[in-house]
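K.L.:
One-letter residues, chain by chain:
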Amino acid sequence: MNRVIGIVRTHLADRWAWLVLPWVIMGMSFVCNLIIGSLADDKIYTGGLASIYVYLFVLGIVTVGQTFPFIIGFGARRKDYFLGTIASITIISVLSAIVLIILGYIERQTGYWGVGLYFFNVRYLSDGPILERFWVYFTMMINLYFCGFAISSIHRKFGRNGVFFFFIGLGVVLTAASYFISKYDKWKAIIDWFADLAVIELANGLFVGTLICILVSYVLLRKATV
Amino acid sequence: MTIEMDDSRPIFVQIAERIENDIIEGRLPEESQVPSTNQFAAFYQINPATVMKGVNLLVDQEILYKKRGIGMFVATGVRAKIMEKRKEQFYEQYVVSMVREAEKLGITAEQLTEMIRRGDKA
Amino acid sequence: MGGIVEVNGLTKTYGKLNAVDNVSFTLEEGKIYGLLGRNGAGKTTIMHMITAQLFATSGQLRVFGEEPFENDRVLRRICFIKESQKYPENFRVIDVLNVSPLFYPNWDKELAHSLIQDFGLPLKRRIKKLSRGMLSSVGIIVGLASRAPLTIFDEPYLGLDAVARSLFYNRLLEDYAEHPRTIVLSTHLIDEVSQMLEHVMVIDQGKLILNEEADVLRGRASTVAGTAAKVEAFLAGKEVIHREPFAGLMSATILGHLNAQDRIQATELGLEILPVSLQQMVVHLTNGRSHREAGEAR
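Protein chains in written order, with the numbering used here: chain A, 1 to 226; chain B, 227 to 348; chain C, 349 to 646.
The following block holds chain A by itself, in its conformation from the complex (with noise of 0.2 Å):
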């Protein structure tokens, strides 16, 4: 348990990377959406939002080829250096979306920071009981985070050659798929299943997407080398 608490310890040794670039860089945004909802006389909602998000994701794939050999370098489990990363990604995620949810309110109070700009108020995630919006905003910036950690874990294993091979056949994947749906006539099915998802539903099947990439990432690194 030590162990995993020095690798947490680790990580947000790095205060830059993790505490302070993700709100620089949606700080960033929301100024100058600020700005433009100053100009502009309509109500304005915006992606700005997405900016934290994507941040999340870059962070992941940054992580592995970051701390990955530093950490296994100084003699540490790759158990524990997974332990230790998912404990690290959870604390910023419980945390920031707290922060979010309080912004989300500040702005609602500030009758939309007096300028009608929709910044943390977003329409179909923001929708739901308190709880349900953490739970949302929770998902998607671990979900994020895994993605990338996942995509950079095939790199440390196999390369960028690996990296290759899989976007390839990711491609494949999807060009097959949006073929035999177009040949069964299935897009509108689709797009309305996506239409009806509940918000809840979405972050529950992100909950379970992102466990399947800690599972991947997992299986990589077990055996990567330094």
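Hints in this document: simulated from the structure, not taken from any laboratory. Beta carbons: idealized from backbone N, C-alpha and C, even for Gly. A few of these clues could be false.
Which residues of chain C face chain A? A few of them, derived with a C-beta cut under 10 Å, are [said to hold, decoys possible]:
hint: 1; residue: 401
hint: 2; residue: 402
hint: 3; residue: 403
hint: 4; residue: 412
hint: 5; residue: 418
hint: 6; residue: 423
hint: 7; residue: 432
hint: 8; residue: 434
hint: 9; residue: 437
hint: 10; residue: 444
hint: 11; residue: 448
hint: 12; residue: 494
Have a look at the derived ranges for each label pair, beta carbon to beta carbon [stated by the list, open to error]:
hint: 13; chain 1: B; residue 1: 323; chain 2: C; residue 2: 605; range: 16 to 22 Å
hint: 14; chain 1: C; residue 1: 442; chain 2: A; residue 2: 208; range: 36 to 42 Å
hint: 15; chain 1: C; residue 1: 442; chain 2: A; residue 2: 209; range: 35 to 41 Å
hint: 16; chain 1: C; residue 1: 387; chain 2: A; residue 2: 161; range: 25 to 31 Å
hint: 17; chain 1: C; residue 1: 372; chain 2: B; residue 2: 293; range: 50 to 56 Å
hint: 18; chain 1: C; residue 1: 620; chain 2: B; residue 2: 335; range: 20 to 26 Å
hint: 19; chain 1: A; residue 1: 160; chain 2: B; residue 2: 235; range: 52 to 58 Å
hint: 20; chain 1: A; residue 1: 168; chain 2: C; residue 2: 481; range: 43 to 49 Å
hint: 21; chain 1: C; residue 1: 387; chain 2: A; residue 2: 36; range: 47 to 53 Å
Place chains B and C on chain A using the hints.
P.N.:
Relative to the frame of chain A, chains B and C by itself:
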């Protein structure tokens, strides 16, 4: 005295020789304490285990003895003993090869004695 | 007392290349070992396998009596300092020192800070902005302050000048004297470390070609010099590791003690016998083989 060890001979032997030299030349009087293994190791930048081996060589020859909990000491009467041992080595190491080299160069016994006398004054 | 590292028939193959070829040895507790050999001989690969960062193709490996892979009881007792150690981009020297005790239970903070002073490292500077020599001193500091029961330094002093290297040797011996532990120095700079070693292992082209106590090796090899024909006559039946002909003369290095009879024979033949340093011996051993093999390839 050089600090460098000769890398072509066992270092523990060289350590023993250096301690013996110190005894002969009076730097380590009889019944005085010998520096500790770690002091030797640090000074010569060599492995403490190697120093220990050298010291033990002298303990086996009863040149050094151990006082429990204090350290290693020079035994009484060993200076003469070491010098006796060294005289034999001197003959083997220096005299024999000197005479052989002198023969090669055609130096007569008289000339050699004369040279030694001159070397004594220098 | 059993060995803390027991390696048996360890082999690592990359395609057709045997990077490590059927290597067996034991490391005993509390000794300073030298793992010597030329660059690319397989030293680093062996160390990576002992620390479970690389996987053997075949062979057995026991560290502290157990399989090291994913074994915290083993891994937490090892500190492996390697030239290629990577650090996170944003890490500063101080960050490395702050996280190190999380990995090494015996970490001595005071020692670490006194070493920082000795090596003159800027605490706040980012690792990636350090010079090669400074980066090496970070590794050295981690390795010494970890006080790990098995501490491995793999070519730890790239870019360090003679003064800093000497400082490393001094502090290593000093701390080793007070806190004995097993230390492996893997290096090709044999002359500098040979005095500190209790035991020497020489790796050449993936094979362990020498595994012996350092002091036993000193004086084991001798060089004989004289006219070529007479030297050749003397060499008959002896293990020759190096020959150097020079205008009708020859000097040859022999492995193995020369007895009194050998010496008399040498004198009769008019040959000169010279002692060979440990370093020269290792150089001859590792040079000779590669020359021979290179010759065969052609």
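K.L.:
Could you run down the list of hints and mark each one as holding or not?
P.N.:
Hints, one by one, checked against the model:
no.: 1; hint: 401; result: holds (5 Å)
no.: 2; hint: 402; result: holds (5 Å)
no.: 3; hint: 403; result: holds (7 Å)
no.: 4; hint: 412; result: violated (13 Å)
no.: 5; hint: 418; result: holds (5 Å)
no.: 6; hint: 423; result: holds (5 Å)
no.: 7; hint: 432; result: holds (8 Å)
no.: 8; hint: 434; result: holds (4 Å)
no.: 9; hint: 437; result: holds (6 Å)
no.: 10; hint: 444; result: holds (9 Å)
no.: 11; hint: 448; result: holds (7 Å)
no.: 12; hint: 494; result: holds (9 Å)
no.: 13; hint: B/323 with C/605: 16 to 22 Å; result: holds (20 Å)
no.: 14; hint: C/442 with A/208: 36 to 42 Å; result: holds (41 Å)
no.: 15; hint: C/442 with A/209: 35 to 41 Å; result: holds (38 Å)
no.: 16; hint: C/387 with A/161: 25 to 31 Å; result: holds (28 Å)
no.: 17; hint: C/372 with B/293: 50 to 56 Å; result: violated (43 Å)
no.: 18; hint: C/620 with B/335: 20 to 26 Å; result: holds (25 Å)
no.: 19; hint: A/160 with B/235: 52 to 58 Å; result: holds (54 Å)
no.: 20; hint: A/168 with C/481: 43 to 49 Å; result: holds (44 Å)
no.: 21; hint: C/387 with A/36: 47 to 53 Å; result: violated (60 Å)
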